[in-house]
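Undergrad: Could you build all of it, start to finish, from the sequences and the hints given here?
2 protein chains.
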Amino acid sequence: MKLNQATDYAIRSVLHLSGLPFGQVVEAKLIAEEENIPMRFLLKIMRLLTQAGIVESYRGVNGGYALARNPSEITMLDVVEAIEGPIAINRCLIAPEYCSKNFSEHCPVHEALFELQQSMVEHLKQYNFQMLRERMK
Amino acid sequence: MKLNQATDYAIRSVLHLSGLPFGQVVEAKLIAEEENIPMRFLLKIMRLLTQAGIVESYRGVNGGYALARNPSEITMLDVVEAIEGPIAINRCLIAPEYCSKNFSEHCPVHEALFELQQSMVEHLKQYNFQMLRERMK
DNA sequence: TAATTGTATACCGCATAAGTATACTTTATA
DNA sequence: TATAAAGTATACTTATGCGGTATACAATTA
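As you go down the protein sequences, you meet chains A and B in turn. Going by the working numbering, the first sequence opens with residue 30, and the numbers climb by one from there. Going by the working numbering, the second sequence opens with residue 30, and the numbers climb by one from there.
None of these hints come from the bench; they were simulated from the model. Be careful, since some hints might not be right.
One copy or two, it doesn't matter: identical chains are merged, so the pair holds either way.
[Stated by the list, open to error] List of simulated lysine-lysine pairs, DSS-like, C-alpha gap at most 30 Å:
#, residue 1, residue 2
1, Lys154, Lys73
2, Lys31, Lys154
3, Lys166, Lys154
TA: Laid out in structure tokens, this is it:
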């Protein structure tokens, strides 16, 4: 029931970028140092954020990363899902073959867990990075 | 961000017991068969539930397990915590030394994750096993 | 054309999850 | 009072995924 470390790093990286003038490009090395993230691992994470359209990457000299949209339009859910994929708190919620009862009857556990999951998703959607940034003050 | 399999099994086992007249003792073998749980693994899980005071165990011939309290007084949170320990969606929420910023400043990520965690805990507390049982009909 | 950036892919080591095995204790009952 | 039927305790196994590295490569700028 834990977010993984990569997600934590991703959130902090996006938060970092959110503190800069929009469009400003920052090299990975700088983020890694300031946020205390192992460099090569960060690069891997940034690629996921890039693929998810949260961040834009620039290669070559003076390359780096910049946000692809305004901080107010990036939610924590966006970042979590970019790294971990869709949220699923129980494997039976994505892969029905894992239902230990094989769907033989109406399953209140499945239902309750799904409701919990939905509430988490909604909760994560509430937070955008402009908000988080403001909360730092 | 997943509950583990043991927790799923635990929930289903408690749900199973909740369907019986209060105090009725059922042997592990039966639960294992009906709920499709590997026998020896179930025994391990049941011990955690026993230690948590959710279930009572009886050894020897005609032994087995019975609920220690009424289904209406057992919540999903009780069961989840019995198996997984206290909920912590980010390691920085329990072990401050994992804070990648070393507490050097006010951390909105920590704060937001804590709020999410609290909402999950509250949510899990809402569900008791009498409710879940009724939902099966 | 060389230095500086990110990309792609594959790999490693460890911790944890999920499950199994072995030996033991308790209890009912024949 | 012995024995079979239950759970207990502990240690082991096996597989998976997490967190992180390494190597080779591609793009870009000066």
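Undergrad: Next step is simple, just say for each hint if it's right about the structure.
TA: Evaluated hints:
With identical chains, the CA atoms of Lys154 and Lys73 are at most 30 Å apart within one copy only, with a shortest distance of 24 Å there and 38 Å across copies. Taking the shortest alpha-carbon separations for Lys31 and Lys154, both the intra-copy value of 18 Å and the inter-copy value of 18 Å come in at or below 30 Å. In the homo-oligomer, the alpha carbons of Lys166 and Lys154 lie at most 30 Å apart inside one protomer (22 Å), although the nearest pairing across protomers, at 33 Å, exceeds that limit.
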